[in-house]
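**Q** Residues per chain are reported as follows:
Protein chains: 2
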Amino acid sequence: MVGAETILRTLMNSGVDVCFANPGTSEMQFVAAVDRVPGMRPVLGLFEGVVAGAADGYARMADKPAATLFHLGPGLANGLANLHNAMRARSPIVNLVGDHATYHRPYASPLASDVAAYARPVSGWLRDNAEGRMLGADTRAAIAAAWEPPGQIATLLVPADCSWNPGGEPGAAVRPPQPRAVASEALEQVIKAVRAGERCLFLINGRSLREDGLHLASRLAEHTGIRVMADTFTARMERGAGLPSLERFPRYPEQAVSLLQGFDHLFMIETVPPVAFFAYPDQPSWLTPEHCALHTLAAPGEDAVGALQDLCEALDVPVDAGKPEALVVPEPGTGALTPDSIARTVAAVMPEGAIVAEEAITSRGSLPAMTVGCPRHSWMSLTGGALGQSLSAGAGAAIACPDRPVICLQADGAGMYSPQALWTMVREGLNVTVLIYANRSYKILHNEWSRLNLGEVGDSARKLLDIGNPDLDWSHLARGMGMPASQVTDAESLHQELRRALSEPGPHLIEAIM
Amino acid sequence: MVGAETILRTLMNSGVDVCFANPGTSEMQFVAAVDRVPGMRPVLGLFEGVVAGAADGYARMADKPAATLFHLGPGLANGLANLHNAMRARSPIVNLVGDHATYHRPYASPLASDVAAYARPVSGWLRDNAEGRMLGADTRAAIAAAWEPPGQIATLLVPADCSWNPGGEPGAAVRPPQPRAVASEALEQVIKAVRAGERCLFLINGRSLREDGLHLASRLAEHTGIRVMADTFTARMERGAGLPSLERFPRYPEQAVSLLQGFDHLFMIETVPPVAFFAYPDQPSWLTPEHCALHTLAAPGEDAVGALQDLCEALDVPVDAGKPEALVVPEPGTGALTPDSIARTVAAVMPEGAIVAEEAITSRGSLPAMTVGCPRHSWMSLTGGALGQSLSAGAGAAIACPDRPVICLQADGAGMYSPQALWTMVREGLNVTVLIYANRSYKILHNEWSRLNLGEVGDSARKLLDIGNPDLDWSHLARGMGMPASQVTDAESLHQELRRALSEPGPHLIEAIM
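Chains as they are written, first to last, in numbering that gives the first Met the number 0: chain R, 0 to 513; chain C, 0 to 513.
Some clues are possibly wrong.
Which stretches of chain R does chain C cover? Using the computed rule of at least three CB atoms under 8 Å from a CB of chain C, they are [said to hold, decoys possible]:
id: 1; region: 7-15
id: 2; region: 31-40
id: 3; region: 209-222
id: 4; region: 276-285
id: 5; region: 327-334
id: 6; region: 372-384
id: 7; region: 463-476
Keep in mind the hints are simulated off the structure, nothing from the lab. For each residue, glycine too, the CB sits at the ideal point set by N, CA and C.
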């Protein structure tokens, strides 16, 4: 078998059976090999940002890697922004990048580039295959590297001659890995601080934001006085009725500094020290005050849930469910479309088992509070700040969880970085409801403008901050990619369209004109 | 003044008065400074590939750099594919990339990345500003580096604190640079070979593909027997009635090898040695046979037109116009839409002074022959092989040449890598006629599949080669971005719609369903 087939069979051996792809000539052997490897599901993205974002969303929901397949340096480059988000989400991805044949690389042919240079910033693991017969071993190593907790991008560069020459035996299965145990010293610090009555904050991310971790963290909070917060941006958090909910760590540095003033200890659980998202004049980047001791309770990839369990036992925390949310579904919004009326309406229709992919600054505000008592759902946020992710991540999540409805909450401006995701949703028949927050503005930039005290927005500046003139019409964009779509201008219509979209199979887009 | 204003004023001093941009928080000082620098034209792209592609098209037609403005690593990453094309086109671009404040960089904030690592592969010049008061000098150096013949991408990284702190005096004007003179030894080789009756091929790119160079090359061909060809892919070539036309160097290696067998000398004029676009099994990458001597007559950036003039004199070539094309405008096509009927119809309507941005494998075939006798026009090709360039390049060309009509010939599949360019055309009111070749397929990949002898296309492989199911509807996509659009299914309707689009101001899209 040729090298490309060796790679695909190695992936299949480990259960990596979805390949998000935008192939070109140098990956044509993969395209041909897909026909010979039953069970491998190829998913085409018309733009590489969709490929990367879908693999990220897939990994967050499937808890295993998908493969990506990119065409040379420029193809990979188009995927980098969403690979950046995936890296920050710690999503496992087996990132296959075709390159020119080894003997063709030295020539300055039009598409030649330093593919490894593009891949390095987002890759936790990077290997450049030079010998097709090593592909079984190399691919196996890539799977293991990607999947190793907490998850990372493992990039394997595959020169075209390696993919068309004999590839040797496929690599053996990689077993689903287990997180590493937490050192007992880390627990001792918490126990000591709690017993001394010191003020402790837990800052949580990663696997601890699933059911087990949430209950344990909530029990600790209820019975020891530890305050528990989730990171500002999280790859995935379980939420809704029956689960304890966590506050979010604040986004802006002045809020965070003020919060942390009140603590003697900050314990990081599957996360890193909090820093400002952006620098601002006269604002600190580092947020933890001198008097607040910073500890790693569980590093990303460590068994934080086990550690929380051990802590509960050591601190004699009663065995209960913590403080789960009751089922509280708000009435749908009424009248004009505002962030609040949209939030109420989305909460009113949220189905059991929904997966929410959220990327709309406008959607914040009351949305978290409105949805906290909805039926159980999973929530995916933008982790790396590179806009244009939620549609693609939603598509990937729908492929990972075909029985669960996906809701993408997408700002119009951010959505325009990779609207091509709509096409993939249609082709794959995914149950995704896309809600576009159409405010015809880079709202986030107007916010940042205010924060920087830049005064009045002039005519030239406005040309870079507003995205009206012409207004985007997302319902037309959707229809251009084969997706049924509607526009709504009041909350009642939104409610009706959301209900319809969620009850019909396949993807739908609703543009909420604010 | 703050650093961002210093940069913009330095750009203005050298006549760099267009800034294609997709800014974020770290570039907010630039957005504010635009209001204070009269004459600077900010052009927003909703996706960074548009920003990069437009700057490329602008540079090809304006013969001077525009500035680009990107937001951090992921923003730059989204622009890399079209920056790659621009690099291969040798387009001068002053590439400004905002980064986190210098003191914020060491922290792993969500958007932190190694911006320089992303920039390096496409940048001929790269500087990381660390002191706002150096920005006048740094920006001036970037302009000079970008503009220096043959043109390149000069990247200046601007940390946010450098853009908000005092920026010092703007840099003085950079004068439009002149190409370097060709060494006389290079001419001697041609003269000797011609006098010895040896078989010579000129392979031409760059500035020699304008009026003066074409006449000189044609005179040499007519009177000395030198065969003259243009590179397969050229940033810009002048064409049409009154100008000599050049054959194109063949795209595929077997054709090139066969051609070059017939020559004793290959003289490169503003180009590099021909190599295969892709490697294929049993095909060479290096195309020039042993017996054919390879010479640099004029390297990119050297005064090739002067060298051709000197050659004409040295070889006593009569002073005439070479072999200019007569005005021959074909009748429009009829009946079904085929590559040929579309080519005839496009040729029939080609207006004087048109700028053609071509990126449609389907459009080749008879199109070059059909248009060679059309009224004078400029032709821009995809130089770097990274798809999704012609719409953006067309937008940039229209900004560079507001009095000339632009025609984008865009394949549907390739166009989906950056359809957001349509929005910029509408916002800026550009006179662009977009013709979409809607074959609902990655035609190029089907061609490559055949070349690789991969046999029948199976169901899984087809999912990666065909882009139907769902069919794209470009007329809806265009309307979604505010552009009037139509669909045509026969040549007569295409003719009518093209005439209409070219006669009305502003952009139009016509989808030719093949």
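**Q** Hint by hint, note whether the structure agrees.
**A** Hint check results:
1. 7-15: As far as the region 7-15 of chain R goes, the hint is violated, because 0 residues have Cβ atoms under 8 Å from chain C.
2. 31-40: holds (count 4)
3. 209-222: violated (count 0)
4. 276-285: As far as the region 276-285 of chain R goes, the hint holds, because 6 residues have Cβ atoms under 8 Å from chain C.
5. 327-334: Per the Cβ count (0), the hint is violated.
6. 372-384: holds (count 3)
7. 463-476: holds (count 12)
Checked against the numbered hints given earlier, the structure breaks hints 1, 3, 5 and satisfies all the rest.
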